[in-house]
Every structure is written in C-alpha cells, then in structure tokens.
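*Asks:* Since each chain comes alone in its own frame, lean on the hints to assemble the complex.
Just so you know, the sequences run in chain order A and B. Sequential numbering of the first sequence, starting at 95, is according to this note's numbering. Sequential numbering of the second sequence, starting at 565, is according to this note's numbering.
It is possible that part of the hints are untrue.
Taking beta-carbon pairs under 10 angstroms as the criterion, some of the chain B residues facing chain A (in silico) [claimed, not checked]:
1. Glu743
2. Pro744
3. Tyr745
4. Val746
5. Glu747
6. Ala748
7. Ala752
8. Arg758
9. Arg762
Simulated coverage check for chain A against chain B, where a stretch passes if three residues somewhere in it have a Cβ under 8 angstroms from a Cβ of chain B [what the hints assert, rightly or not]:
10. 457-468
11. 475-483
In case anyone wonders, no lab produced these hints; they're calculated from the structure. Glycine included, every Cβ here is placed at the ideal spot set by N, Cα and C.
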Amino acid sequence: MSDLLKIEGLRIALEGGGPEVVRGVDLAIREGETMCLVGESGSGKSLSALATMGLLPRNLEIRGGSIRLEGEEMLTASTRRMRALRATAMSMIFQEPMTALNPVARVGAQIDEVLKAHTDMDPGARRDRTLAMMDAVHLPDPERLFSSFPHQISGGQRQRIMIAMALILRPRLLIADEPTTALDVTTQKQILGLIRELREEQGTAVLFITHDMGVVAEIADDVTVLKLGEVMETQPVEQLLRRPRTEYARQLLASVPNAIPRPPRPATDASTVLAVQDLRKVYTSSTLFGRKRENTAAKDVTFDLKRGRTLGIVGESGSGKSTVARCIVRLIDPTSGSIRIAGSEIATLSQSAVKPHRRRVQIVFQDPMRSLNPRLEVGESIIEGPTNFGTPKAEAMERAKELLELVGLPRSAVDRFPHQFSGGQRQRIAIARALAMDPDLLVADEAVSALDVSVQAQVLELFAEIQKRLGVALLFITHDLRVAAQICDEVMVMQRGEVVEHGPAARVLAEPEHPYTQSLIEAAPGRHWDFAAFRPVAEAPAAAARGG
Amino acid sequence: MTDVAPSAPARPAAFGKTREIFLSSPVVTVASLLMLVIVLAAIFAPWLTPHDPTRLSPGERLKPPSDVFWLGTDAFGRDLFSRIVQGGRISLIIGVGAAVFATFAGLALGLVAGFIRSLDAIIMRIVDGLMAIPNILLAIAIVALSGASLWTVLVAITIPEIPRVVRLVRSVVLSAREEPYVEAAIAAGSSTWRILGRHLLPNTVAPLIVQGTYICASAILIEAILSFLGAGISPETPTWGNIMAEGRIYFQINPGIVLWPGLVVSIAILSINLVGDAVRDALDPRMAKRGIDR
Chain A
95 MSDLLKIEGL RIALEGGGPE VVRGVDLAIR EGETMCLVGE SGSGKSLSAL ATMGLLPRNL
155 EIRGGSIRLE GEEMLTASTR RMRALRATAM SMIFQEPMTA LNPVARVGAQ IDEVLKAHTD
215 MDPGARRDRT LAMMDAVHLP DPERLFSSFP HQISGGQRQR IMIAMALILR PRLLIADEPT
275 TALDVTTQKQ ILGLIRELRE EQGTAVLFIT HDMGVVAEIA DDVTVLKLGE VMETQPVEQL
335 LRRPRTEYAR QLLASVPNAI PRPPRPATDA STVLAVQDLR KVYTSSTLFG RKRENTAAKD
395 VTFDLKRGRT LGIVGESGSG KSTVARCIVR LIDPTSGSIR IAGSEIATLS QSAVKPHRRR
455 VQIVFQDPMR SLNPRLEVGE SIIEGPTNFG TPKAEAMERA KELLELVGLP RSAVDRFPHQ
515 FSGGQRQRIA IARALAMDPD LLVADEAVSA LDVSVQAQVL ELFAEIQKRL GVALLFITHD
575 LRVAAQICDE VMVMQRGEVV EHGPAARVLA EPEHPYTQSL IEAAPGRHWD FAAFRPVAEA
635 PAAAARGG
Chain B
565 MTDVAPSAPA RPAAFGKTRE IFLSSPVVTV ASLLMLVIVL AAIFAPWLTP HDPTRLSPGE
625 RLKPPSDVFW LGTDAFGRDL FSRIVQGGRI SLIIGVGAAV FATFAGLALG LVAGFIRSLD
685 AIIMRIVDGL MAIPNILLAI AIVALSGASL WTVLVAITIP EIPRVVRLVR SVVLSAREEP
745 YVEAAIAAGS STWRILGRHL LPNTVAPLIV QGTYICASAI LIEAILSFLG AGISPETPTW
805 GNIMAEGRIY FQINPGIVLW PGLVVSIAIL SINLVGDAVR DALDPRMAKR GIDR
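For reference, chain B alone in the conformation it holds in the complex (with noise of 0.2 angstroms):
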C-alpha cells in the first residue's frame, strides 16, 4: 500500500537515552546542573550548613551578608544560608511525594475509568468536581481542617494534582484500548487485570514520567505559598515559604530574606520544567508540537 506512516507508538525510548536528553540543549544542560545542585544541597544540607539553621542568637538579629553570614541573618538572628539549604529538603520531599503518589493515585483510578465504562462517569464526575476547585484553596481547606504537619501539607498539596492525572491516564487507554492488539488479547480470553497491566499500562509511562515533573514543580511553589500564607508547614521548621513569611516585615531592613529564597525557589521550579520539557521532547516527540496543558 502506499507509504503510510505506522500508527502504533514506537518503542519509547530506553532510559539509556538520559544522556542524550541532558545533552540536548545548553539550556537543558544548565538546568539539569542547577537542579543536581538544588538537590544535592537538600540531601548534604547538615554538612553543608556552616550554622544551625535553628538556633536563635539575638545579637547577630538582621545582619546584612558578611564572611560569617553568607548571606545575613534573620530577624531572630539565624544564619539566612543555612536556613535556605535546610528549607530545601522539605521542599524537595514535598515536590517528589506528590509527584509519586499523585501518579500513582491517579494511574490506578484512570486505568480504571478508561478502561471499566460502567465506573467511568463516577470516577470522573468526581474528578472534575475536585478541578473545579482551584487547587490553592482545596490545599489551605485540607490543611485547615486537619492541621498542619508535613504529611497533611503532602495530602493537601497531592490531592489537587490527582485529577489532571487521571484525565491524562483515561484519555491514553481510552485511544490505547481500540487498538487491535488490544482486542486480541480480549479474543484470546485475558483478564481484565492482565489487559490492564501489560497492554495498556505501559502506554501511560512516558506522558506520566513528563507529568511527574510538572507536578513536582508545582508542589513547590504550592508548598512556598501555603507557608507564606501561614497554611503551610509550622513556622519554626526552615521552608523556603516560611522563610519568606517571616522576611516580609522587615523587606525594607534586610530584603535578602524573601529575595534569596524567591529565586532558589523559581531557579528549583525553572529548572524542574525545562528537564521536564526535555524528557517530554524525548519520549513523545509528538506533545513536544502542541504542548502540554498546564
């Protein structure tokens, strides 16, 4: 027949192409760095920090940067530095748990609404119910009414995520279940479950990888807002939010104190999507054209 191009996905790409993708454009590169360094910081942060980040010394109070305050002091005399780095690690897990249990939560009701019709309208009215909720609001109520700690700041930040997942999910087993390899594992007798598994959801992997980081970037900067909100995390552990909640009354003395957390925090968000934009280019070199709705 004539040169049609083959409508079934190709093989996604192997892991192995990491470097290829980090390669792919100085921008990339440097992001990737920046990123690397964000979470290396995170990890090392009690043998990186020249101070502790949580002992109050009153005389040193808002000091502007010198050789022992790298970056000056807050309003309660901790060193701003090393409460950066510190603030990182909360940030990070915040960012990497939602994305993890967004994706899977979502995986497992998409596959379901894609591929069972009778739960299909339940599951997704519910889901556009909750994304009719702009998810700042839907995190403040869920913290509110259940109090503060890291893990409720986790589920209040997740929850609101889930439903984007799930549509991306339904929408590729929905194209991916009239496939006719599909139909001939229903002809050759499989199990909903094995459908499920092994010829749907490997579908999902690429566009749930590219989703993962947006999602990831997003708990960021939800976290930073709820805790410059004072919804977030209690105020006496180091996050980059709360470390801009407390700088904001004294901005005219010592600015360094929201400004240096804001940009570790859009540098964090920044270099996040655009590794996250590379490894979509890679995976699905066909989103790359429209972009993902976000």
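Bound conformation, chain A alone (with noise of 0.2 angstroms):
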C-alpha cells in the first residue's frame, strides 16, 4: 500500500532563532494504518501533528522538511487550501472534548457546520447526515443529543461528537492527540473500540499520539517512539513491545506499571494511625426558589489504616476517592461520620480546632506545577509547615536540606524556585514539603498521575523507600489499577461514592468480586502485556503471573 502521509526531516524551532524542538522527524502512513506516536513530554508528537494540521501555535516556525500527504505538500499549501483540506481530506481529535466543543452552541449544529462549510448539501439533508452520523459513533438518541450543549452530555459523549465532527466527511486521515487521557478507564475501552471500529469501515488512516504503552498495545498497527524532537524507532507494535531495538525504547517500556500486584508483605501488628468510620460527604447547592438538591459524595466509608502500610483508593472521576482524601487532611468538612488519627478524633473539631492535628496528616498534590507556590524559594515553602508549629528557622532550614536529599535532590535546590526544576522533581520537592511535618499518615491524591511514566516509576520508588524508612502509613489515592497494583497493600475500589470492594491487593486485582471492579480491570488498557518483561502476560511463567 502507498503512503497517506509522509513526513520528511521536520524540523520545527521557536520563533526568531529559537531552539530546534522538533529535530528532523521522519514519519509515514499507509491507507488504513493506525500509526501510534508515543512520548514523553516535550518530544515533540503534539507538534509534529499539529504542523501536519497547519495549526503550529504562533510562537513556533518551521525550519525544514516536508509533509506531504497524498503527494500533495503541506507546508507550502495557501491557507485556503489547507482550510479545503481540513476535515475533507484530513482531521483531528484533541485531549479535552469539553474544550475543544463551543459551550454555547448546541452539538448538532457544531457537528452541522462541518457539513455546511465544506458541501453543499441542503439543510435537511446535513440533518440526516449528522443524525446518521451520531448514530455511528454509538451515541444513545441522537435525535435528543442533536439539540443538547456540550456541557449536559457526559464526557465520553462529547468525545463521540468529537469524532463524529472529525470523521463525517470521511477524511482518509484521522489524526488522534491523546483523544483518550482525560477520559475513565472504562469509557477510555469504549472509545478505543469506536476508532478501531470507524477505521475499518471508513478505512481511515489514524495518526494516534499518546503517552501510554497500554493503549498502544490496545491500538497500534506500527509505532514510532519519539524522544527530544527525534525518532528513536519505528516497528510493528509486537516487535517492539517484544525487542525494543533503542535503549530509550527499552526504558520506556520498563516502566510501564502493570497490573500484577506487588508480593503481599506479612501482616503487622503496627499501631493504627487512621481509622475512618461511617465518613459521610453531602455537598447541599439550593435554587433559586430555595429547593435543595444533595450530592452524596462519600457514603458510609469505613476503613483502618496502619503503621508502615499503604491503602489504594481506586475509582473513576466522581466516585468519591478525592473526596475522602480531602476530609481527612480537612480541607473540606465532612458531613457526618468520624476520622481518627492515632486516636483523636478529627472530623468534628473546628478548621482552627484541628490545627494542632494537622502535622499528623500531611499531602501530596497531583499537578507539580501548582502544588508549589512559584514565587517562593523550594526551602521557604518546606519550612513554612515546621515554622508554624515553633520549630526555628534555621533548625528548619537544616532539616529541609536533609529532606532534599533524602527525595534524591541536592541541598542547594533549598534557593532555587520551582520553576526551575522538572515535574518529576517538583513532585520529589512536594514530598519533601509534606515529610517536614514528620506525619503519621501520607495522603498522595493521584500524585504520580501527571508524570510521565519514566518519572512516575521513579516517584512510585520514592513512595516505598520513604515508608521503608520512616514508617509512614499511605493513603494512596488513584484512578490507574496499574499505579495500585505497584504500591497497595489494600486497595479499596470506589464508584459513585460507594465503597464496593475492599481487600488486599493481590486478591482484589487477580479475583476482583464485585461487577465494577472486574469492569475497571477488564478495561485497563494494556492488561494483556506484561511491558516491563516485554512479553504478554500469557507466556509469562505461571509463578510470576501471580507475583509470587
């Protein structure tokens, strides 16, 4: 078969003599094909296909190379022919379907426009299209969801109009930034299996960037894996899950998590630094005539915790996990139900009550680049959680530069601000920050999620090591089995709100009971590969399948 698309040494610099950021990247399709673009941040594959789109954002430029799709040359085609080209000839699919959909407009007429600004088909004509079109992507009632608004569908919904935007003019090439990452696990499988399916009808070319080794092993006929701007390789996804020819490949690959839970630790008989019994969260909103409506965010959630051990909240968004994580370190006020941290209870006192308690329970944030004020220095922000509780500054200082090194960063990092360091070590600084309280109990909420996986394997390690050394119990809040599976001892799995398993990991992961759990299992991408082993979990020796 031809190649659809071909990229040739693109190179793509910052504006004005900046740095190369694209470095010479070679790139091509087949009709039909599902290219994957894997990377880390910062390698360049949002780039390369946005310059595929001609929608580079204006402080970057082009300085070399061609992509030419269908023979026809991209990066010289007039801004008219390209706006021809997009949608008809080729189109794209973004990570955000809530942002990248227009609030105000209602879904049918965004999926219309597409049609109106590219035939000239008559309106009751572009209706049934689009009603037919809708009804492609498997969206329940299309004739509802024609004149509903982004904001009242779910979020699996919108990506769906998404596609339904990008693929109803049949495009031969379909190009796919991350179209899953913001979405649940479970509506992630869906959406997958709705690509892979409008593929082979539409014999669609997908260009599909994304960061995770599991929905490449879900969805790849070839992958390119992009490093700094430059290929490192490109082969049939099974050799290169099988024999990665690069070493950087190699690496990425290694650390992947999977979901084999680690090896059980003996039971402990370490005191209980948290107890959670009957935790309740209502969050009250009333109308404007005054009629209340409750939200029940947490219910009846009872769990303990103790010394040296680590607990995994696992659920999809809205199942309560952040919820409860944020009532035990008090940032938000349960409702009813009582939190005790070695013994005192901590649910009912006052937001000035429970400061004296707060050194006990400290967190770990998910996004690096926020969990750290950005114009205080890395050491002023660890001291500022001692230095309230009267330990002086200088001793303060001292123990911050300890703590530096004790997360793997050099003393000197204390003066430097925090965007002067990567996310991974901004994590490692946020770690630090909480561990400076010396605290019974470490809440992470999703703390490695915004990582990528190089650096999240790395966090992850962290995690253990500091709890082999200090003994600190984890709440480890998440919504990746894989994650869980590295570091739990327990895993409790949440859905709506609801606690509806909870036991050790390994048997919680291998023999999940309840329906929900067996579903997010079922629909974690990648399941089926063991990356790290680069071999699929079948022929793995039985002994290692179990973690054992």
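*Replies:* This is how it looks when you write it as structure tokens:
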C-alpha cells in the first residue's frame, strides 16, 4: 500500500532563531493503518501533528522538511487550501473534549457546521447525515442529543461528538491527540473500540498520539517512538513491545506499571494510624427558589490504616476518592462520620481546633506545576509547616536540606525557585515538604498521574523507599489500577461515593468480586501485556503472573 | 503526559524589565517622556514658572501670548503658563494619592472578601452599592457634605475608585485560593493571615500596578471635572480644572485659557493610560488580549 502521509526531516523551532523542538522527524502512514506516536512530555509528538494540520502555535516556526498528504505538500499549501483539506482530507480530535467543543452551541449544530462549510447539501440532508453519523459513533438517542449543549452530556459522549465531527466527511487521515487521556478507563475502552471500528469501516488512516503504552498495545499497527524531537525507532507494535531496538524504548517499556500486584507483605500488628468510620460528605446546593439539591460525594466509608502500610483508593472520576482524601486532610468538612488520627477524633473539630493535628497528616497533590508557590524559594515552601509549629527557622532549613537529599535532590535546591525544576523534581519537593512535618499519614492524591511513566516509576519507588525508612502510613488515591498494583497492600474500590470492594491488593486485583472492579480491570489498557518483561502476560511463567 | 502549558502564573516580570517596557513601542516611549515632563514640571514648578501664578495684575488682563506671557494671561492678569505648571502639582497629587489610597483600601477589603467567606457577602454588597452610583455624583455628594479642600477632594475621588479594586483583588484571590499550593499551606497549619500575606497577596501585585495607573488617570480627570463644575478645590488655587472653569466665560476673547489646560489634561491622561497598557502587557500577557473593562 502507498503512503498516505509522509513526513520527512521535519524541523520545528521557537520563533526568531530559538532552539529546535522537533529535530528531523520522519514518519510514514499507509492507508488504513493506525500509527501510534509515543513519547514523553516535550518529545514533539503533538507539534508534529499540529504542523500536519497547519495549526502550529504562533511562537513556533517550521525550519525545514516536508509533510506530504497523498503527495501534496502541506507546508507550502495556501491557507485557503489548508482550510479546504481540513475535515475533508484530514481531521483531528483533541485531548479535552470539553474545551474542544463550543460551550454555547448545540452539539448538532456544531457537527452540522462541518457539512455547511465543506458541502452544498441542503439543511434537511445535512440533518439526516449528522444524525446518521451520531448513530455511527453509538451515541444514544441522537435526536435528543442533537439539540443538547456540551455541558449536558458526559465526557465520553463529548469525545464521540468530536469523533463524529472529525469523520463525517470521511477524511483519509484522522489525527487523534491523546483522545482518551482525559477519560475514565471504562470510557477509554469504548472510545478506542469506536476508533478501531470506524477505521475498519471507513478505511481511515489514524495517527494516534499517546503517552500510554497500554493504549499503544490496544490500538497500534505500527509505533514510532519520539524523544526530545527525534525519532528513536519505528516498528510494528508486536515487535516493539517484544524487542525494542533502542535503549530509550526499552527503558520506556520497562517503566510501564503492569497490573500484577506486588508481592504481599506479611501482616503487621503495628498501631492503627487512621481509622475512618461511616464517613459521609454531602454537598447541598439550593436553587433560586430555595429547593435543596443534595449530592452525596462519599457515603458510609469505613476503613483502617496501620503504620507502615499502604491503602489504595481506586475509582473513576466522580467516585468520591478525592473527597475522602480531602476530608481526611480536613481541606473540606465531612458531613458526618468519624476520622481518628492516631486515636484523636478530627472529623468534628472546627478549622482552628484541627490545626494542632495538622502535622500528623500531610498531602501530596496531583499537579506538580501548581502545588508549589511559584514565588517562594523551595526551602521557604518546605519550612512553612514546621515554622508554623514553632521550629526555629535555621533548624527547619537544615532539616529541609536533609529531606531534599532524602528525596534525591541536592541540598542547594533550597535556594531555587520551583520553575527551575522539572515536573518529577517538583513532585519530589512536594513530598519533602509533606515529610518536613514528620507526619504519621501521607495522603497522595493522584500524586503520580501527571508524570511521565519513567518519572512515575521513580516517584513510586521513592514513596516505597520513604515508607520503608520512616514507617509512614500511605493513603494512595489513584484512578490507575496499574499504579495501585505497584504500591498498595490493600485496595479499596469506590464507585459513585460508595465503597464497592475492599481487600488485599493481590486478591482484589487478581480475583475481583464486584462487577464494577471486574469491569475496571477488564478496561485497563494493555492489561494483556507485561511491558517490563517484554512479553504478553499469558506467556509469563505461572509463578510470576501470581506475583510470587 | 501531553504538553500542557503550566497553568500557574509565571513569576512576575521583575522590575528590572522597566527599560524594556518603556522601549516596547515608539508610542509608549513618547508617552513615557511626556509623562516624565509633566511630573518634573510639577515637582520643579516654583523654579520653572516665570511669574507668580497667583499675582493679580489688572493692567494685564486677557493678554494674548507674548514674550512676557508665553500663553497669555487670564481675566485677572495672572500668567496662564505659570498657572498651568503650578496646577499640575494639585492634579498629580490628587492622581497619585487617589491611586495609592484606593489601591491599598481595595487590596485590604478584596483580600478579606476573597478569602473569608463569611465577610464576602457583606463587603461585596456594600461595594456593589457604591458601584451603582456614578463616580462624579458620589464625589460631588462627598465634597458637598464636607466642604472643599485638597483632602476632602482626594477622599471624594478615592472612595468611588475603591469598588473596582476590591472586585479585582477578590477575583484574583478567589482563583488563587483554589491552587494546590494554598491548600498545602492550609494543610501545613498556616494561619489565615499568613496565607493571605504570603501566598495570595503576591498574585495581586501585577494587576494592581496596572489598575493603579488607570485610577491615577481617572482621578486627574475627575478632579478637573469637579473644579470645572465648581465643586472642587477653592478657585484661588490653580488646578487644571479651575483654570478652565474661570476661562470659559472669556472663551471668545481668549480661547487659550480653556484650550491649553484642556490639552495638558488630555496629554497627561492619555500618556498615563498608554504607559499603564504597556505595563499590563509586560506583566500579564493574558489580559492584553481581552482588555481590562473600564
């Protein structure tokens, strides 16, 4: 088959003689093929795709190379020609379906606009075509959704609308830029299935950009691995997963967490650090006419956590896992129930009365870019807690330096500002800040979700190391079962505010009882591959699969 | 993950960037120079004025511009040029004073309203009430109630400017308080005042500097209007508004008495606003696209 899209020697740089961010990328996609573009942050995978669409941000310029779609050069095409090609010959779907749709236009009208711009069909025919396409992406009740606004439908449905818009004119090439990253795993599975199905029906070639090797294993025919703007290697998916040619691809695969639970640790009779009993959080909002609406974010949550142990709370968005974490740290006030930290009840204390207990519980947040005050030196951020509790500044600063060493950063980091560090380093600083209080309990709220896999693996290791050395209890909130499998002794699965399953990680992940847990595990992308071992799980020796 | 731009604000441009701001475009450079000239003229007024701006000389009434009286004289024979230079002092004191007082008062109220939920509703309703009254009417009412002096005029001009600052600061605080680093400070047991001063206040500095320049320009204009309407500082003190107010009767004989101070007011306000825009573009590129609503 001939190449549908051929990118050769593409170089993109910051405007005005800045450094190159894409450095000679070559890429070829055949008709009807799915090519996955994999890489970590800053690898240039999104930029290569945007250049193809002619949508590069203004502060970037193309230095050289060529991008040909069906033999036609894209880089020299006129604005008008590019506009005609978009949607008809190539189209793109984005990561965030909420911001990619116009919030003040009905979704039907937004799909219709594509037809209006590129065809001369009459309104009736356009409507029929739109409804047919909405049906093809398996949207329930297209007639009703046609006149809905984006905020009235779910995230998965919005992404289906985006796909309908992208594919309604049957383009030859679909560029999908992390289309499932913002979605829950169960929804992700459906969208991946849909893209696969439409590709087969319409014969569309797909350029699929992702950072997730699991997704690659699910959808790719061929894979191109990018690193810092350069192609590392291109191989058919099976070969790449089994025999990566470059060291970088090997490392990337080796850091992918698999869903095989870690070997269970012997039971402990250590003291209970955290005891949560019947925790409930209800959000009440009243409408204009005083009618109250209640939304139960967490319901009858009960669990214990012992010193030196790790409990994972797993669930999709809206499951209430973060609500539970924030109640325990008392960033929000629980509606009812009891939270005992090392024996003292904190659920019912007022915000000022809870202050003395704050040092026992510390939290690490998801987004390392926002969890440190950008205007404060790292040292100042770390010592803020201890100085609040009366530690002299000099002593606290000395301890901050020790903690930075503990998390693998130089002591001199105290004098620098957060923007001088990478995402992974900032997350280490956030961990050091939490540890500065000598907490009994460390709450990690999606603390590795925003990190690249290789960094994720290192930070997970750091958590385990810290726990071993300091004996702190860990409450690990995550949406990713594979991450939970790596670090947790026990796993608690939540769905719509309720705990549906709770038990030892090895049992819950290997032999889930509740249908929801089963569906979560079923939906985890790439669960049939043990990436770090470069083989499918099925080929693993039985003992290894059991984690023993 | 994918290449997401950090949503946290970048570190504010250091003040060492000043040079860059003033050379950012020829218009800004000219505006900055004009502003500098007006400020210097006001500061060194006693040495720059060729005549005593308050000395009456009935023999020299309503003279046209000449070697002796560069811009002519007014109805009492006072030198117009000297009066305009001297009048700049009052106008600038009012402008800068209103900007400083309104900014500080608004900052304090805005921080409290944004962070302490229980006081939010009370403060904001008062602020909304104030905003419903046009600035000039409110200023006239305050001057009428308390008698005209430099201080009362300054207070009368400052109060109507406070609500906008409160709203601005409150909106910055409301978005910043949701940042994880503020929650981390709460989890670290920091006191409310410490969180306000250390984590929230610095976020407001850049927009406040910009807002301050707009208030300064607006205050100069309102002072001129108050004086023109006879509700401002007493007529014997030269201010740009007073000079125009007195000159309007003799407009047909010597239009310069109204036109020259009018021109200076326009130039002063325009150049302050232009410099304010340039500072805004440098400190907060996101606001440049939308334009601040004033």
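*Asks:* When the hints from earlier in the document are held up against this structure, which numbers fail?
*Replies:* none
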